[in-house]
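Asks: As you go down the protein sequences, you meet chains C and R in turn.
Numbering-wise, our numbering puts 508 at position 508 of the first sequence, and it's gapless, one number per residue.
Numbering-wise, our numbering puts 13 at position 13 of the second sequence, and it's gapless, one number per residue.
Derived by calculation from the structure, the hints in this document are not laboratory data.
All residues carry an ideal CB built from backbone N, CA and C; glycine is no exception.
Keep in mind that the hints are not guaranteed to be accurate.
To be verified - With beta-carbon atoms standing in for the labels, derived distance ranges:
(1) C/169 <-> R/20: 33 to 43 Å
(2) R/20 <-> C/370: 53 to 63 Å
(3) C/489 <-> R/20: 26 to 36 Å
(4) R/14 <-> C/20: 18 to 28 Å
(5) C/372 <-> R/14: 51 to 61 Å
(6) C/430 <-> R/14: 39 to 49 Å
(7) R/14 <-> C/370: 57 to 67 Å
(8) C/325 <-> R/20: 41 to 51 Å
(9) R/14 <-> C/489: 25 to 35 Å
(10) R/20 <-> C/439: 40 to 50 Å
(11) R/20 <-> C/305: 56 to 66 Å
(12) C/340 <-> R/20: 58 to 68 Å
(13) R/20 <-> C/497: 35 to 45 Å
Claimed, not checked - With the Cβ distance kept under 10 Å, some of the chain C side facing chain R (calculated, not the full set):
(14) 3
(15) 24
(16) 32
(17) 35
(18) 36
(19) 40
(20) 41
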Amino acid sequence: MTSEMLLTMTVLAFVIVLFIFEWVRVDVVGIIMMVLLPLIGLISPKEAFVGLSSNAVVSIIAVIIIGAGLDKTGVMNQVAGPIIRLAGRSEKRVITLISGTVGLISSMMQNIGAAALFLPAAQRIAKRMEIPVSRILMPMGFCAIIGGTITLVGASPTILLNDLMVLGGEKLEPFGLFTQTPIGICLLASAILYFTLFGKLILPSAGGDADKGVTASLMEEYRALGTLFELHVPDDFKDSKTLEELNIRTKFLVTIVAISFSAKREKSFVPRSHNKISAGDDLAVVGREENIRRLANEYGWQVKASPEVFADDLSRTNAGMAETIVSPRSELVGKSMSEIHFKDLYGVNPVALSKGRKIFYSGLTNIRLQMGDTLLLQGPWERFHILKNRPQPRSLTFATPLEGEIMRPHKAKLAVAWLGIALLQIIFFKVQLSVALMSGALGMIITGVLSIDEAYRSVDWMTVFLLAGLIPLGIAFEKSGTAAFIAHNVLELIGHPTPIVLLAVVGIMTSFFTLVISNVGATVLLVPLCMNMTVMAGGDPRMAALVVTGVRL
Amino acid sequence: MNAHFIYSLALILLTFSLCFWFRKGKGDREE
Numbered sequence: 001m002t003s004e005m006l007l008t009m010t011v012l013a014f015v016i017v018l019f020i021f022e023w024v025r026v027d028v029v030g031i032i033m034m035v036l037l038p039l040i041g042l043i044s045p046k047e048a049f050v051g052l053s054s055n056a057v058v059s060i061i062a063v064i065i066i067g068a069g070l071d072k073t074g075v076m077n078q079v080a081g082p083i084i085r086l087a088g089r090s091e092k093r094v095i096t097l098i099s100g101t102v103g104l105i106s107s108m109m110q111n112i113g114a115a116a117l118f119l120p121a122a123q124r125i126a127k128r129m130e131i132p133v134s135r136i137l138m139p140m141g142f143c144a145i146i147g148g149t150i151t152l153v154g155a156s157p158t159i160l161l162n163d164l165m166v167l168g169g170e171k172l173e174p175f176g177l178f179t180q181t182p183i184g185i186c187l188l189a190s191a192i193l194y195f196t197l198f199g200k201l202i203l204p205s206a207g208g209d210a211d212k213g214v215t216a217s218l219m220e221e222y223r224a225l226g227t228l229f230e231l232h233v234p235d236d237f238k239d240s241k242t243l244e245e246l247n248i249r250t251k252f253l254v255t256i257v258a259i260s261f262s263a264k265r266e267k268s269f270v271p272r273s274h275n276k277i278s279a280g281d282d283l284a285v286v287g288r289e290e291n292i293r294r295l296a297n298e299y300g301w302q303v304k305a306s307p308e309v310f311a312d313d314l315s316r317t318n319a320g321m322a323e324t325i326v327s328p329r330s331e332l333v334g335k336s337m338s339e340i341h342f343k344d345l346y347g348v349n350p351v352a353l354s355k356g357r358k359i360f361y362s363g364l365t366n367i368r369l370q371m372g373d374t375l376l377l378q379g380p381w382e383r384f385h386i387l388k389n390r391p392q393p394r395s396l397t398f399a400t401p402l403e404g405e406i407m408r409p410h411k412a413k414l415a416v417a418w419l420g421i422a423l424l425q426i427i428f429f430k431v432q433l434s435v436a437l438m439s440g441a442l443g444m445i446i447t448g449v450l451s452i453d454e455a456y457r458s459v460d461w462m463t464v465f466l467l468a469g470l471i472p473l474g475i476a477f478e479k480s481g482t483a484a485f486i487a488h489n490v491l492e493l494i495g496h497p498t499p500i501v502l503l504a505v506v507g508i509m510t511s512f513f514t515l516v517i518s519n520v521g522a523t524v525l526l527v528p529l530c531m532n533m534t535v536m537a538g539g540d541p542r543m544a545a546l547v548v549t550g551v552r553l
Numbered sequence: 001m002n003a004h005f006i007y008s009l010a011l012i013l014l015t016f017s018l019c020f021w022f023r024k025g026k027g028d029r030e031e
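Make the full structure from the sequences, and use the hints.
Replies: Below, the structure written as structure tokens:
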């Protein structure tokens, strides 16, 4: 054993301890490697930062930007809609379809992004079918992870693979984008099969507390507010009246937050007092159930069991509530909301107003606002984001975080086209992964699918620096001969098995490793080690590399 | 044992102890 090997092993032990105990975050460990390894002379300064310009890191940055672009245009939401309708009410079908789709989507997107896409829908379906949401989320989460094995860019360890496949200073033939697809599809299919067959036994039958979101917690806070209901005006409703004439808020303490006009076939999310309610319309209202039932009885309207017409528009991802405070130099100070035509100007619904210790739920629009008054507003998240982005001085200060974001649905076709162009380059023109993906990301930025700042913000720097920092460690591990040394000794110990047995050993070893250290870390350490072992045993080193990344998922 | 080896080992140990000393949680309590 040379002194370089000894140093490499000391660093390795150090890294493993840091990964297990997390004294510093994993990406900081990566940066430590970038600095420490060239300082102690295990690699050259150039090799230290080669990770940052590696195919893997550039690809992952591009994939994240492409995913963010798809997200921003709501393309994926359009996929989610039909899938949910197709799934219907059978639990097995819901699990199969949702998990399958999430798996396929996560083959091209980051796992978390793919799972997050179906999160609101899963929660809604679980509520409707009266099963705990974890029964749907658990299979969905697993399939999002397994879906990452379908393509080379689906998960960070697989992206890393091509950069790690160096044996004795020579680069092995890199994997293509779809080389591993058959394996990935089989894994995904068996996971879904497992959950549909044994799901009843292993999935929880009782629900826990999930993250409710800002709106739900605000509604709990303002107790008199009640919840969201949908009302239908029957066709035999004769006397169409304006909201002003109906005077619903004062009479029933119920706020109308949206109307779907059947005659005009359009929806309004800021109902005005001159809007007429007539037969066939649907209303979304916020209020206490008993008040809403009183309102429905009085006019002969129907209370629906769950939102239908507004299920999507008013879902947690699209609309919600925000608590705002009237700012010191606000144009609202000393005026009432009706005087300044608040709804026209702001495009959101005032639901409650608290002045000092008093909370008002009705007659809000005629109360003169003072600095520091708290206004509870309801509306589409997009409106709130526009209000928040207004130049200073803003009339309202937001006290609660906003969910959702400004979407660009009209750019959806462009986003899909750029993804298509990137994939075409990879499949048919054999363009290098990082170049092809980055051209797709660049296309999205140039055509305004997302701005360059949004692209920068979307990049997960933790993943980038973790990958970029661990690549030099992989280089040192291989270059100093440590990988070959350990592989040789392990083989001596287990007595030169056949390649198949060896691959099984590699698989089991990787499983244990990933239990204690991050999956990228395990990949960097085990890929060089296992490739050396397989070559010595007469097997295919690329196969070993694939087993390591496949198993560690 | 040459000088470079000892220097390298010292550097690794120094980094290691820095990480340990300023680890998460410890600093929070002091604030």
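Asks: If a hint holds in the structure, say so; if it does not, say that too.
Replies: Hint check results:
Between residue 169 of chain C and residue 20 of chain R the beta carbons are some 35 Å apart, a value that agrees with the proposed interval 33 to 43 Å. For the pair residue 20 of chain R and residue 370 of chain C, the supplied restraint of 53 to 63 Å holds, since their beta-carbon distance comes to about 54 Å. Under the hint 26 to 36 Å, the C-beta atoms of residue 489 of chain C and residue 20 of chain R, about 29 Å apart, fit the expected range. Taking the beta carbon of each, residue 14 of chain R and residue 20 of chain C are about 20 Å apart, inside 18 to 28 Å as hinted.
About 53 Å separates the C-beta atoms of residue 372 of chain C and residue 14 of chain R, a value consistent with the hinted range of 51 to 61 Å. Restraint check, residue 430 of chain C to residue 14 of chain R: a C-beta distance of roughly 47 Å satisfies the suggested window 39 to 49 Å. Between residue 14 of chain R and residue 370 of chain C the C-beta distance comes to about 59 Å, which sits within the given range of 57 to 67 Å. Between residue 325 of chain C and residue 20 of chain R the beta carbon distance is about 44 Å. The supplied range of 41 to 51 Å therefore holds.
Range check, residue 14 of chain R to residue 489 of chain C: Cβ separation about 29 Å, and the 25 to 35 Å hint holds. Against the hinted window of 40 to 50 Å, the Cβ-Cβ separation of residue 20 of chain R and residue 439 of chain C comes to about 45 Å, which satisfies the hint. About 58 Å separates the C-beta atoms of residue 20 of chain R and residue 305 of chain C, a value consistent with the hinted range of 56 to 66 Å. Range check, residue 340 of chain C to residue 20 of chain R: Cβ separation about 60 Å, and the 58 to 68 Å hint holds.
Hint check: residue 20 of chain R to residue 497 of chain C, Cβ distance near 39 Å, so the stated range 35 to 45 Å holds. Hint on residue 3 of chain C holds. Least Cβ distance to chain R is approximately 5 Å, under the 10 Å limit. At its closest, the beta carbon of residue 24 of chain C sits 5 Å from a beta carbon of chain R; the interface hint therefore holds under the 10 Å criterion. Interface hint status for residue 32 of chain C: upheld, as the beta-carbon distance to the closest one in chain R is roughly 6 Å, under 10 Å.
Annotation: residue 35 of chain C was flagged as interfacial toward chain R, and the flag holds, the nearest CB pair being 9 Å apart, inside 10 Å. Hint on residue 36 of chain C holds. Least Cβ distance to chain R is approximately 6 Å, under the 10 Å limit. Nearest Cβ of chain R to the Cβ of residue 40 of chain C: about 4 Å, under the 10 Å cut. The hint holds. Proximity of residue 41 of chain C to chain R holds as hinted, the smallest CB-CB distance being about 7 Å (cut-off 10 Å).
Hint violations for this structure: none, all hints satisfied.
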